[in-house]
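Modelling step: build the complete structure from the supplied sequences, incorporating the hints.
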Amino acid sequence: MGRCNSLKNINILVIDGQGGGIGKSLVLGISQKFNNINIIAAGTTDIACENMKKAGANISVWGEENIIKLTKEADIITGVMGVMVPFGIRGEITPAISEAVFKSNAVKIMVPMNKCHIRIAAKSETLKNHIDMAINMIGEEIEKIQKNYKEQS
10 MGRCNSLKNI
20 NILVIDGQGG
30 GIGKSLVLGI
40 SQKFNNINII
50 AAGTTDIACE
60 NMKKAGANIS
70 VWGEENIIKL
80 TKEADIITGV
90 MGVMVPFGIR
100 GEITPAISEA
110 VFKSNAVKIM
120 VPMNKCHIRI
130 AAKSETLKNH
140 IDMAINMIGE
150 EIEKIQKNYK
160 EQS
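The sequence shown: position 80 = 89 (our numbering), numbered continuously.
Because the hints were derived from the structure by calculation, they are not lab data. There may be inaccurate statements among the hints.
To be verified - Only pairs whose alpha carbons sit at most 30 angstroms apart, straight line, appear in this in silico DSBU-like list of lysine-lysine:
1) Lys159 x Lys42
2) Lys156 x Lys62
3) Lys81 x Lys156
4) Lys112 x Lys156
5) Lys132 x Lys78
6) Lys117 x Lys63
7) Lys117 x Lys42
8) Lys117 x Lys153
9) Lys112 x Lys42
10) Lys132 x Lys159
11) Lys137 x Lys156
Since the model is a prediction, treat every value here as computed from it, not as a measurement.
Spelled out as structure tokens, the structure:
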């Protein structure tokens, strides 16, 4: 799939913690594949936030209050599965963050990781393959959002 030209600016919220490595990979893949997308890096730590910003995020914030606020503005939320679990990512995801993500109207595209002791009943893939699949799913959602936007215009 080539680069996508968007008609509506779409907000993609990438949430990560610790060192932000998976978030960094998601941001890099999204920024290389799509145009006119607002990639918002939201880290539970300043290190995660900085690494996602370096990968190409347009905006970067960190901390519970900022993450919760941005879940309300996002069209798509992505990150590891632990983002939706209270105390996920080794305790860095607060119950308030996981609740805000879960209740958000945004489409959630999560990368499975066995580190949070949640297993998905699906074919086992490498982390890179899961990240690539998430980026492809984000592309599908961008197309749906754009189609709905055109129909409403």
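State the violated hints by number, sorted upward, taking the hints as numbered earlier in the document.
Checked against the structure, the hints that fail are numbers 5, 10, while the rest are satisfied.
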